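**Student:** Chain order of the listed sequences is A and V.
At position 406 of the first sequence the residue is numbered 406 (the UniProt record's numbering), and the sequence of numbers has no breaks.
At position 399 of the second sequence the residue is numbered 399 (the UniProt record's numbering), and the sequence of numbers has no breaks.
In short, the hints are calculated from the structure, not lab data.
Quick list of simulated restraints, FRET-style, between CB atoms:
id	chain 1	residue 1	chain 2	residue 2	range
1	V	I98	A	S75	25 to 31 angstroms
2	A	N124	V	R263	47 to 53 angstroms
3	V	Q311	A	Q18	25 to 31 angstroms
4	V	S20	A	R81	45 to 51 angstroms
5	V	E186	A	L67	42 to 48 angstroms
6	A	D234	V	S20	28 to 34 angstroms
7	A	N59	V	L328	55 to 61 angstroms
8	V	K104	A	I23	35 to 41 angstroms
9	V	K48	A	A203	46 to 52 angstroms
10	V	Q170	A	K146	47 to 53 angstroms
11	A	K161	V	E186	49 to 55 angstroms
12	A	N124	V	D100	21 to 27 angstroms
To be clear about the criterion: a stretch of chain A counts as covered by chain V if any three or more of its residues have a C-beta under 8 angstroms from a C-beta of chain V, and this derived list gives those stretches:
id	region
13	98-108
14	208-214
15	353-360
16	379-392
Everything numeric in this text was worked out from a predicted model, so none of it was measured.
In this text, a Cβ means the ideal position worked out from N, Cα and C, and glycines have one as well.
Protein chains: 2
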Amino acid sequence: MLQQIGKTAKLASYQLAQCSTTIKNHTLMVIADLLEQHSASILSANEKDIQAAKKQGLNEAILDRLLLTPERLTSIANDVRKVVSLTDPIGQVIDGSILDNGLKLQRHRVPLGVIGVIYEARPNVTIDIAALCLKTGNAAILRGGKETINTNAAIIAVIQKALKQVGLPQTAVQCINDPDRKYVHELLKLDKYVDMIIPRGGASLHKLCREHSTIPVITGGIGVCHIFVDETADFDKALPIIVNAKTQRPSTCNTLETLLVHRNIAKQFLPKFSQIMADNNVILHADASCYDILKTCTATVFPVKDEELQQEWLSKDLNVLIVDSLELAIEHIREYGTGHSESILTRSLINAEQFVNQVDAAAVYVNASTRFTDGGQFGLGAEVAVSTQKLHARGPMGLEALTTYKWIGYGDDLIRQ
Amino acid sequence: MLQQIGKTAKLASYQLAQCSTTIKNHTLMVIADLLEQHSASILSANEKDIQAAKKQGLNEAILDRLLLTPERLTSIANDVRKVVSLTDPIGQVIDGSILDNGLKLQRHRVPLGVIGVIYEARPNVTIDIAALCLKTGNAAILRGGKETINTNAAIIAVIQKALKQVGLPQTAVQCINDPDRKYVHELLKLDKYVDMIIPRGGASLHKLCREHSTIPVITGGIGVCHIFVDETADFDKALPIIVNAKTQRPSTCNTLETLLVHRNIAKQFLPKFSQIMADNNVILHADASCYDILKTCTATVFPVKDEELQQEWLSKDLNVLIVDSLELAIEHIREYGTGHSESILTRSLINAEQFVNQVDAAAVYVNASTRFTDGGQFGLGAEVAVSTQKLHARGPMGLEALTTYKWIGYGDDLIRQ
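Pulled out of the complex, with its shape left as it was, chain A reads as follows:
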């Protein structure tokens, strides 16, 4: 089955690569319209998934992610319309010159080809990714969570209807809708047809892809993010940033998970910090010397375990450690960080520069919340994923991350000397 999906996706990708921006935008508008016109069939498919999920006893958070409503569907359709307004990177001439050997050499931005995306039970991702891939002239093979099987089938049917209506191959967007896990493994080996794999899910999915894929994988989305409160920090400025980084949306990958506090200010800082954490219902997990101070303060506090420093809480829990110096803060981040987002709160120019230069992460901040690491916030228009690897794309990935380039050389009947 996957061989056939891969082959037809590759063929479709050749056709998509030749589409003008006008045709691609028209396709997106038709998809948005049809999603609204066929909302009844999509919502009834979604209702089936919701019932099945309830029967299985899935928790409220998953049910909420799974749920489509007329309003949510309209909002998703409008997101597709927003992709229309983004600049199409395809066809851009990146650079070019006439070389000494006489070759007129140019680099042109072209689609990657076929993109495989493996994700959780989020029906909006199905539409988002399809729209971003089509905008950049790529074919997509989608593998959503098994809990959204009916919803995804209904959405893909609508997208394929739109593709047919505009004269593009329906195989440009396909989904693997058999819940058997073996198809994930087959997809990861489909290097003959698939050019890139994007996993969007938890650490175990990323590990699976890294270990089994013969196709280049963009891994990311796992954020054990730190804020270091330097000894020169202004407490009144620092505390709102910490609250924001931890509580603005705790389930996201750019949420603060561990706060590092310079020893010289710990005694003054921690009581105030504890009070504001208590006000925001944040539970603290502290190392021994922090715990000694915090146990007499307002917020709930537990001793922290080493494994808790290595994982995302994705909740209103926060680790707090005291460090003896900026150097040791950087060392801790090197050991425990996932290369996502790290921030320093400081009034010292020298310390800010040292932190920025020596912390190796996709995004490094000075006096700002880690919550900014996001395609929308970075002005990229749309977000494909957040990469924490260093090749191809790092941090929030916009449309450009779905492209590659081709070297084109024009010769005047030219041979190499």
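Starting from the known structure of chain A, fit chain V onto it as the hints suggest.
**Tutor:** Frame of chain A, contents of chain V only:
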């Protein structure tokens, strides 16, 4: 063993990342000088490798690749000095702006960190790669062919002596000099410390890395390259390009392996082509309809087998096929090409554009030899490898391919709304 190598390489990489261009260039000059000063020890180690290789009965081509002479060592040292004159990409601000949310966001070019390179019995690669990695502030873990074990040990000793002399950690450049294959597998799983794997070798090495590495791999260097002789081609202009693409250096990955000839000109073109191939000692491998014409011509010709169309000859052998149209030529290239270098010889603007737009390869040429796909020819100064994958880098990889970027956000005590 590898854990220790990985860990110390990562620590060294933090220090290298902070080095100024001046210090890095000085290090390269010291390496070049010490290579010449210690030529006796390097050449005597090389002599041991050569004797062992002769005992094993390795062929002349391998022996020649393995051999170092005083002249070759001087030339390699001069190549290191040339890297000094290349522009250092590290520290470059790629872009930056003040976003609507108030964040001052910049992208800075930074080293990748630790680069693992697996290659064949070519002592020059050991020095080349070490120089390119150091220039870009990366630590390197090198795994050369087992035939060069003594030479590599001597070279690495000299490089580490130079590192020590300039005050940089000797672990910045390390080699795995135990011939046990298990260390290759261990290196491929060292994702905690290694940021990128570059295999430089044959198809089987690339396959091994793709299948077993949990670290991003740059694959490439395999070129089943085609030239399509369009029906509008000027024969007198076409033939020298074909000779150049096939014979200028047959063992390279950008050498022509399969010639596609438009049916409408085959009868006129093939006899002239055969004559010039015979003059250049090229042996032809032809499909049935080509064979019918070529068997009465000058050059030696055999019927071609399908598997011969899928592999590099890397010799003065050339496949020749007749195709009925430009479309079928493109289809053949899609099926049999490795995405390396493809060329069309034509006088038709429309056909040239169709070929350039629809052929999906790292380098696509019009009226030029495929032999141009090379870092030096492309003006990149140095060549790390030639990538035939589409992520991160495509085609010849210069210094920039050894870098990534970091998003740096400066806030005025900024929280996300």
